[in-house]
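S.K.: These are the residues of each chain, in order.
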Amino acid sequence: MADHPAVEVSDLTVSYGSTPVLTGVELTVPAGTGVCVTGENGIGKSTLLRCVSGLQRPDSGRIRVFGAAPGSSPEFWAAVVTTVEPPTWYPGLTTREHAELICRAHGQDPDEAGVDEALSRFGLTGHADAIPPSLSSGQKQRLTLALALLRPSSLLILDEPEHRLDPDGRAAVAEMLADFVATGGSLLMASHDDKFAVASGAELTTMESLVA
Amino acid sequence: MTVLVPLRPVRRWIHERQVSHRERGATLSNLYVAALLIAVLGAMTHRQLAKIFWPDRPDLGALPALALTLLGAGFLLMAMRAAGPVTLGRPAAYFLLTAPVSRRRLLLPSLRLAALAAASSAALIATAIAGHATPRDVAGPLIAGGALLGVGLLLIAVVAQRVRGWATVTDRLATSVAAAGLLLLIVDNLVVADPPAIDGWPSSSVLVAVVGSVAVLVGVGAASTVRGLALTPDDRVLEAAKTTGTIFDTAFGMEPSFITDMVARRYWTRRRLTSTRPPARLPVLTGQDFLVARRRLPRLLWLLAATPIPLLLTTAPAWVTGAALLLGAMIAGGTTTATVNTDAGNPVLLRLLGLSSRQALLQRLWIPGALAFGWSLIALVLMQVAGDLPAGPWFLLSVPVGVAGGVAAVRRARSGFVRNDLLPLDTPMGTVSTGPLVHAFAGPDALILGIPTLIAISQETPLTATTLLFQTALALIGARAYLAGTTDPERVELQA
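Residue numbers (UniProt numbering), protein chains in the order written: chain V, 1 to 212; chain Z, 1 to 496.
Only chain V is shown next, with the shape it has when bound in the complex (with noise of 0.2 Å):
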């Protein structure tokens, strides 16, 4: 695995009907560093980054992840974790379930795994007995970050993860992302917010620039 880049994208093509939204993009993530890709909105970032997750087939074009070909594999999904849908949450299950769940689904004891470090970081311990869905949009960001940065991952897809927070958010997200950059992962990224992008370890980028 860290042989390879964690993205490497070559003459990648995407069309909505008669209209191209990607036409030849290039991109190469290096293991262990991070890019944000910038751009106005409808310039297909989000298409850059399903596509990257392997859940929008390209036109054309050629994508590895880590070496392999993006997929829907149980081990795919173990080494990427992607913020680019908009989650659902189990009926009957609260904040902090829903985030043992994900620990106990990797093997990690809930406890060692930071369960409560990471509600506290994320500003949700007292929301930790509520279901999701009564949570605010802002909160039920965090929680989503929170989940996503919980469980062992090489690579992080994150769709705008600084969207719907308030300015201290902002800034405790992209210091985790930072952190998670410096400990050896992965990071492509989608975001409106350049001073966020830099603060979380990643290199800016523009769309344009990826075209070949």
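Bear in mind the hints are in silico, worked out from the structure with no lab data behind them.
Nothing here was measured: the structure is a model prediction, and the numbers come from that model.
Backbone N, C-alpha and C fix where the C-beta goes; we use that ideal spot for every residue, glycine too.
Hints should not be assumed to be uniformly reliable.
Stated by the list, open to error - Below 20 Å or equal to it, Euclidean Cα-Cα: the simulated SDA-like pairs (lysine to any residue) are:
#, chain 1, residue 1, chain 2, residue 2
1, Z, K242, V, S134
2, V, K140, Z, R266
3, V, K140, Z, V348
4, V, K140, V, P87
As the list claims (entries may be wrong) - Quick look at which bits of chain Z chain V covers, simulated, 3 or more residues with Cβ under 8 Å:
#, stretch
5, 334-343
6, 483-493
Unchecked claim - Chain Z is faced by these chain V residues, among others (derived, beta-carbon under 8 Å):
#, residue
7, T88
8, Y90
9, P91
10, I131
11, P133
12, V198
13, A199
Given the coordinates of chain V, assemble chain Z onto it according to the supplied hints.
M.R.: For chain Z alone, kept in the frame of chain V given last:
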């Protein structure tokens, strides 16, 4: 000081605009189709309907008649509480509830409609009970009395909607009345076996006088309720409007998941949960289902109360009892399958968990299977204790029935939305959409794994070891095949 805007011209204006967008004669055409459908269905089922509502002679004792009355009243009150009953259409809730118009005039049409529906439903129930349990000459006043009772229950539901204290009392009363009815039915079936009572009824004129008095009481209650209608709080009207809108969405879109999602969302929103950990020895998703099952105690109690249903159906053809046993097992298994439904609809969490679809489904089958097993075990033991089953270890069939019920419940949860892209069928009665039909059978079709049980109960002969063995083998092999055929160890997604 706020000046009230007259509501009638506003409603007339809305109606005129809506009519102008409709095709000419569309309403008449809809009425014609509805009348034709009722006529055709009536012609096809009039014999069965006569058996249900008006048999040749009374065949029910006073005790079961009372039990059915209590059951009908309890469920009618629950249905009215669930629907509102004072409600508005979603557009009216948005535009008119916040307008300076008479609140009473705004809500009155829905109350009138609810009264009509309550009276009609109660009259139908009363007709069936009177047809089965009373001499013909007193049936008329009893049916009228039933309709009035329905309106009376509606008035209670309206007050319960307005006053929070009444709401709790009314809901508990409705549950207790229905539970008492069910209990009386079981007692009658197991112990009393009350014969039909033709004699001892008051004369028709006495009953007419009683019904007249009830009518006066209901009329006074209705007047008082209408006077206080404007006091119905906005949040209750809005909630009822959402319910009504969802029911219409379900009816027009032929998509039952709209209602089930709404009911589940409201149930969990009302609950106050405390985070807890499932037993560590259970697989992770099984443990999660275990927690959900523990938190659905009211549903488990209702399921427990429903275990005598196959026993109560023993007077019907034997295959009906067998089918009720299998369907009951599937419904019991469905207590925790909302989690499967979540994963099948959007596999985001499964991707985060990193489990394969095979691991996930295997772990998700245990609790539904256990619940289906428990339900069918109690139902079979009750039937055997009552002497309604021939000799043999019938209770052992609960193992394969549990497996079949669990598989059926999980398959139902994985079926997702109704597919409206399937080709329609042309029939002599018109075009039939196949999507809702296919969706309705997704889940119950897996009960084919319980066919040997159905046949064994239908034959009304002692249960043999061969049948037991064959049924067990079929259920286990079927469950294994379902797991292997619809999942993949290399895939995360759980769609059917």
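S.K.: Hint by hint, say whether it matches the structure.
M.R.: The hints, checked one at a time:
1. For the given pair, K242(Z) sits about 18 Å from S134(V) by alpha-carbon distance, which is consistent with the 20 Å threshold.
2. A hinted pair counts as satisfied when its Cα atoms are at most 20 Å apart, and K140(V) with R266(Z) qualifies at roughly 19 Å.
3. A threshold of 20 Å between alpha carbons decides the hint, and for K140(V) with V348(Z) the separation of about 14 Å falls inside it, so the pair holds.
4. In summary, the hint linking K140(V) to P87(V) is supported, as the alpha carbons are separated by about 9 Å, within the 20 Å threshold.
5. Counting residues of the stretch 334-343 of chain Z whose C-beta lies closer than 8 Å to any C-beta of chain V gives 3; at least three are required, and the coverage claim holds.
6. Requiring three or more residues with a Cβ within less than 8 Å of a Cβ of chain V, the coverage given for the stretch 483-493 of chain Z holds, as 5 such residues are present.
7. Because the closest C-beta pair between T88(V) and chain Z is about 4 Å apart, less than 8 Å, the hint holds.
8. The interface hint given for Y90(V) holds, since its Cβ lies 5 Å from the closest Cβ of chain Z, which is under the 8 Å cut-off.
9. The interface hint given for P91(V) holds, since its Cβ lies 5 Å from the closest Cβ of chain Z, which is under the 8 Å cut-off.
10. With a cut of 8 Å, the hint placing I131(V) at the interface with chain Z holds, because the nearest CB-to-CB distance is about 5 Å.
11. About 7 Å separates the beta-carbon of P133(V) from the nearest beta-carbon of chain Z, less than 8 Å, and the hint is met.
12. Of the supplied interface hints, the one on V198(V) is violated, with its beta-carbon coming no nearer than about 27 Å to a beta-carbon of chain Z, more than 8 Å.
13. The closest approach between the C-beta of A199(V) and any C-beta of chain Z is roughly 25 Å, which is over the 8 Å cut-off, so the hint fails.
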